[in-house]
Amino acid sequence: MSEDVRIIEREKIPTDATLIFAFPDVGLVGVIAASHLIDELRMTEVAYLDSKLLPPVIVLHEGLPHFSVRIFAGQGTLLAVSEVPIPSDVIYPIVDALVSWGKSRKVKMMISLSGIPIEDRQDVTELKSFAAASNADVLKVAREKGIEILTEGYMVGPQAVVLQRAVESGSPALTLLAQCFFNYPDPEAAAELLKSLSKITGLKVNVAKLLEKGEEIRLRARDVMKRTQQEMTKMKKGQEYDIPMYVS
Amino acid sequence: MAVRKRRATSNKIDEYFEDMERWAEQVRETFTEKPSWDLENCAIEPLRDMTVTPREVIVTVDLPYAEKKTVQVKAVDAASLEILAEMKRKIRLHELGVTYREGVIQRFHSWIHIPVRVDMQKMKVQQKKGILEIKLPRKR
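Line by line, the protein sequences are chains A and B. For what it's worth, our numbering labels the leading residue of the first sequence as 1, then goes sequentially. For what it's worth, our numbering labels the leading residue of the second sequence as 1001, then goes sequentially.
Rather than coming from a laboratory, the hints here were simulated on the basis of the structure. The structure presented is a predicted model; accordingly, all values stated were derived computationally and were not measured. Think of the CB as a built atom: it goes at the ideal place given N, C-alpha and C, for glycine as much as any other residue. Warning: the hint list may mix true and false statements.
Claimed, not checked - With a Cα cut of at most 27 Å, we get these calculated DSS-like pairs of lysine-lysine:
| hint | chain 1 | residue 1 | chain 2 | residue 2 |
| --- | --- | --- | --- | --- |
| 1 | B | Lys-1088 | A | Lys-226 |
| 2 | B | Lys-1128 | A | Lys-226 |
| 3 | A | Lys-236 | B | Lys-1034 |
| 4 | B | Lys-1122 | A | Lys-226 |
| 5 | B | Lys-1069 | A | Lys-213 |
| 6 | A | Lys-209 | B | Lys-1068 |
| 7 | A | Lys-209 | B | Lys-1034 |
| 8 | B | Lys-1122 | A | Lys-209 |
| 9 | A | Lys-226 | A | Lys-209 |
| 10 | B | Lys-1128 | A | Lys-213 |
| 11 | A | Lys-209 | A | Lys-52 |
| 12 | A | Lys-209 | B | Lys-1088 |
| 13 | B | Lys-1074 | A | Lys-213 |
| 14 | A | Lys-145 | A | Lys-209 |
Said to hold, decoys possible - Computed footprint of chain A on chain B; a stretch qualifies when at least three of its residues, placed anywhere within it, have a C-beta under 8 Å from a C-beta of chain A:
| hint | stretch |
| --- | --- |
| 15 | 1072-1083 |
| 16 | 1128-1139 |
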């Protein structure tokens, strides 16, 4: 792990867990899903990430400070979630540290939660989820669970780095992406993503409350979405719209 | 607000202008960073987006909690739109997690500058899933 990034454990970390990642990204899909997951599975904070590479931000809750990147645990699952967008120039060291930590805690699988933007999102009533994986075996599992495979395309952001590192180390990793808005918080997409996560992990997650509170979530998330847009521009997130050119 | 050009062909000139737009956006944000709400008018600025294609300008505005029938889109002049929408109920800042001051939000309010010449008379407006979509044909 880099000296610039430390993971501080506050509680005993379960082994053989699934490690889920959720970072602010298109439609804030991963973060909205993660927030619902924490409530539904009654997950508790077990660790946090400390780094001078991140902006000097703490999140206050009930008057007490919390780090912006935290790790929660519950029901055989670890969940690393960031409440602020990761600046594009430090994505590599931050993700490297989280992946290395996960490997040191012998996680059985890493899953990133994110979205894939579609331009006519408001016209789409039935959203789809897609999967990409670090190896063919994990891809096969996703396919067998009925999740469509993102066969071609570009992936930009922290979830891309998670897959890169998983390939390098031979670790099983999966990225789940739900169709979503690019620039607007999308709780419906988050619900769709959680349904796919349930298929893969067997976790029982009721998304009814998430859909019920959809408008409230969209209103509350507007400022985080705005800051995330700025980072997405810097990391050229719009490349995900591009026609892919795979060089074989 | 991000202004995006639909990518038909990507070339260096497009990229140059996109970089300039991003730079201008960053400069504007540096000088004007302020809360998204305006307590004097009990208003909050909605998230919005704009796409400029060769034929039209498409503006979308995210209006969660807005009462659909109160949504108003006004062409203020040849290059500006004003968007107004009342919320379904008054929302206290405390409900949004802002606990250091009192205040209520009861409407969305936004001014949008259109960067190319458009025909405001032929504006088409529709709402779906709480997203307002405005289409403006470009003038030749």
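Against the structure, the hints:
With a C-alpha separation of about 23 Å, the suggested pair Lys-1088/B and Lys-226/A falls inside the 27 Å cut-off, and the hint holds. A hinted pair counts as satisfied when its Cα atoms are at most 27 Å apart, and Lys-1128/B with Lys-226/A qualifies at roughly 21 Å. For a cut-off of 27 Å, the pair hint linking Lys-236/A to Lys-1034/B stands: about 25 Å separates their Cα positions. Distance hint between Lys-1122/B and Lys-226/A is unfulfilled; the C-alpha atoms sit about 30 Å from each other, more than 27 Å.
A distance of roughly 21 Å separates the Cα atoms of Lys-1069/B and Lys-213/A; the hinted pair therefore holds under the 27 Å criterion. About 23 Å separates the Cα atoms of Lys-209/A and Lys-1068/B, which keeps this hinted pair within 27 Å; it holds. With a CA separation close to 32 Å, the supplied pair Lys-209/A and Lys-1034/B exceeds the 27 Å bound. Of the supplied pair hints, the one linking Lys-1122/B and Lys-209/A is violated, its CA atoms being roughly 41 Å apart against a limit of 27 Å.
Taking the CA atoms of Lys-226/A and Lys-209/A, the gap is near 25 Å; set against the 27 Å cutoff, the hint holds. Pair hint Lys-1128/B plus Lys-213/A holds up; C-alpha atoms about 18 Å apart against a cutoff of 27 Å. A hinted pair counts as satisfied when its Cα atoms are at most 27 Å apart, and Lys-209/A with Lys-52/A does not qualify at roughly 37 Å. Restraint check for Lys-209/A and Lys-1088/B: the C-alpha separation of about 19 Å stays at or below 27 Å, so the hint holds.
Distance check on the hinted pair: Lys-1074/B and Lys-213/A sit about 30 Å apart at the alpha-carbon level, beyond 27 Å; violated. For the hint pairing Lys-145/A with Lys-209/A, the CA-to-CA distance comes to about 24 Å; that is within 27 Å, so the pair holds. Restraint check on the stretch 1072-1083 of chain B versus chain A: 0 residues with Cβ-Cβ distances below 8 Å, three needed, restraint violated. With 5 residues carrying a beta carbon less than 8 Å from a beta carbon of chain A, the stretch 1128-1139 of chain B meets the three-residue requirement, and the given coverage holds.
Hint check: violations occur at hints 4, 7, 8, 11, 13 and 15; the rest are consistent with the structure.
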